[in-house]
Structures are given as structure tokens and as C-alpha cells.
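*Asks:* Sequence:
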Amino acid sequence: MSGLLVELPLEILLVAAAISAFAGFVKGAVGFALPMIMISGLGSILPAEIALAALILPTLVSNLFQSLRGGWRLAWAVVRRFWLFLVMMLVFLASAAQLVALVPQNLLFLVIGVPIVLFALTQLMGWRLHLRPETRVRDELLFGGVAGFIGGMSGVWGPPLVAYLVAIDEEKRETIRIQGVVFGLGAVMLAAAHLRSGVLDAATLPLSAAAVVPVLAGLWIGTRLHDRMPQQTFRRAMLVVLILAGLNLVRRGLMG
Numbered sequence: 125m126s127g128l129l130v131e132l133p134l135e136i137l138l139v140a141a142a143i144s145a146f147a148g149f150v151k152g153a154v155g156f157a158l159p160m161i162m163i164s165g166l167g168s169i170l171p172a173e174i175a176l177a178a179l180i181l182p183t184l185v186s187n188l189f190q191s192l193r194g195g196w197r198l199a200w201a202v203v204r205r206f207w208l209f210l211v212m213m214l215v216f217l218a219s220a221a222q223l224v225a226l227v228p229q230n231l232l233f234l235v236i237g238v239p240i241v242l243f244a245l246t247q248l249m250g251w252r253l254h255l256r257p258e259t260r261v262r263d264e265l266l267f268g269g270v271a272g273f274i275g276g277m278s279g280v281w282g283p284p285l286v287a288y289l290v291a292i293d294e295e296k297r298e299t300i301r302i303q304g305v306v307f308g309l310g311a312v313m314l315a316a317a318h319l320r321s322g323v324l325d326a327a328t329l330p331l332s333a334a335a336v337v338p339v340l341a342g343l344w345i346g347t348r349l350h351d352r353m354p355q356q357t358f359r360r361a362m363l364v365v366l367i368l369a370g371l372n373l374v375r376r377g378l379m380g
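Residue numbers (my numbering): 125 to 380.
Among these hints, one or two may not hold up.
Said to hold, decoys possible - Just the calculated beta-carbon pair ranges, DEER-fashion: (1) Arg262 with Pro133: 51 to 61 Å; (2) Arg262 with Glu298: 32 to 42 Å; (3) Trp196 with Leu226: 24 to 34 Å; (4) Leu231 with Trp344: 38 to 48 Å; (5) Pro354 with Leu245: 28 to 38 Å.
Derived by calculation from the structure, the hints in this document are not laboratory data. Remember, predicted model here, so these are calculated numbers, not experimental data. For every residue, glycine included, the Cβ atom is placed at its ideal position computed from N, Cα and C.
Model the full structure from these sequences, guided by the hints.
*Replies:* Shown next as C-alpha cells:
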């Protein structure tokens with residue numbers, strides 16, 4: 125991989141660093157969308173497999189940072205609080221992964237992306253979905269199962285979690301921590317899967333490690349913005365990024 129880094133033009137490296145820093149900034153501000161931004165941006169200047177390898181360690185490290193920012197006890201409290209969501213997500217993720225060949229990917233992206241965009245748009249326009257504490261078990265079974273199912277089928281499990289956190293009006297700092305824990309578990313599974321697939325190996329690990337630096341720089345700036353952001357502004361920012369994530373899924377569905 126050092127040979128590849130030497131061979132790449134300086135402008136490509138600078139653009140890749142800028143994309144990574146921007147992805148880190150968005151994740152620091154709203155807690156998600158780093159893989160979406162990195163794979164879309166890096167995939168336009170690098171081969172898809174190399175772009176995928178580049179985002180694996182930054183995804184893992186950034187989620188570790190966000191989940192542990194308040195200490196391991198608060199992170200463990202998230203696991204205890206959302207254990208039902210996590211169990212449902214992991215069970216459905218493992219099960220749905222076996223069905224990948226049965227469902228066209230472009231159709232799946234459209235089925236996921238369109239409702240996500242509509243949900244976020246209606247929320248921004250003033251309609252509020254409020255999930256009550258009394259229905260928590262039902263809601264976590266539903267949202268966790270949906271997140272796991274689409275995650276196993278497409279590798280995308282973030283939007284249902286974000287939609288759920290918006291619907292329960294979760295406090296912004298706790299929202300970031302919850303996303304860090306849930307996405308962090310997914311990132312561990314992603315890293316393990318691609319160590320086995322060969323995408324992440326002795327050749328690509330240095331590239332992925334190098335990408336951690338600009339991502340953490342962007343994450344630091346985004347986190348500072350997040351800390352100063354009022355709760356309502358944070359909620360709107362999450363919904364805007366959720367719309368962009370949904371539109372990206374629709375784009376992938378339409379383009380095949």
C-alpha cells in the first residue's frame with residue numbers, strides 16, 4: 125500500500141484527505157453519515173474496493189471516540205438501555221444477510237430510501253412522530269428488526285436508528301453516544317468481515333490507518349459545533365443529513 129500511496133498524485137491524496145475530514149466533521153456534528161460520505165466521495169476518485177478499505181478503520185475509531193466520550197460506564201448504560209434494539213438488530217442482520225441473493229439491491233435501496241426521505245421531510249415540515257415510553261418494547265422490536273434486516277441486505281443500518289432517536293426526542297449528547305455504541309458494534313462486524321474477505325489486509329490497512337487522521341481532525345471540529353448547538357438545531361441538522369442519506373440510497377437504487 126505504501127507503493128500505492130507513492131504512486132497516487134498529490135492532488136488525489138489531498139482530495140481524499142478533504143473528503144475524509146468533511147465526513148468526520150459531519151459525524152462529529154450529528155453522529156452519523158461518515159461511511160456514506162466517504163464511500164461516495166472516495167469512490168469517485170479511487171477504485172471502489174480501496175474506498176471501502178479506507179473507511180473501515182476511521183469508522184471504527186470515530187465510533188469508539190463518540191461512544192466512550194463520557195466514559196465506559198455511560199457507554200455500558202447505553203447497551204443496557206437499548207439491549208433489545210441491539211439484539212433485534214444483530215439477529216435480523218445475521219439472518220437477512222443470507223437472503224441477499226434473493227432481493228435485487230436497487231429495489232431494496234429504493235424501498236429503504238424513499239420512506240426515509242419522506243419521514244425526514246414531514247418531520248422538518250412540522251409533523252412530529254412521537255413514540256411513547258409505554259410502547260418502547262414494541263418500538264424497539266420494530267425499529268431494531270428493520271435496522272437489522274436492511275443492514276443484512278444492504279450494509280446500511282443507520283437511518284432506522286436515527287429515525288427512532290428522532291421519534292423519541294432523545295437528548296443530543298446521548299444521541300451521539302447511542303449512535304457511537306450501535307454503529308461501533310456494526311463497525312467491528314464490518315472490520316471482521318473484510319479481514320476475512322480480503323478487502324482489509326496488509327496492503328490496505330496502512331491506507332485505512334492514514335485516513336483516521338483527517339477523519340479525527342474533522343470529528344474534533346464537528347464535535348465542538350455539536351456541543352454549542354441547541355437541541356432543536358441539532359434535531360433539524362439530523363433530519364437534513366437523514367434526507368441526504370435517504371436520497372443517496374434512492375440514487376443508488378435508480379442507478380443500479
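*Asks:* Next step is simple, just say for each hint if it's right about the structure.
*Replies:* Hints, one by one, checked against the model:
Taking the beta carbon of each, Arg262 and Pro133 are about 54 Å apart, inside 51 to 61 Å as hinted. As the Cβ distance of Arg262 to Glu298 is approximately 21 Å, the hint placing it in 32 to 42 Å is violated. Taken as a hint, the range 24 to 34 Å is violated for the pair Trp196 and Leu226, whose Cβ atoms sit roughly 40 Å apart. Leu231 and Trp344 have their C-beta atoms about 39 Å apart, which keeps the hinted 38 to 48 Å range intact.
Taking 28 to 38 Å as the suggested C-beta distance range, the pair Pro354 and Leu245 does not conform, at roughly 22 Å.
Violated hints for the displayed structure, listed by number in ascending order: 2, 3, 5.
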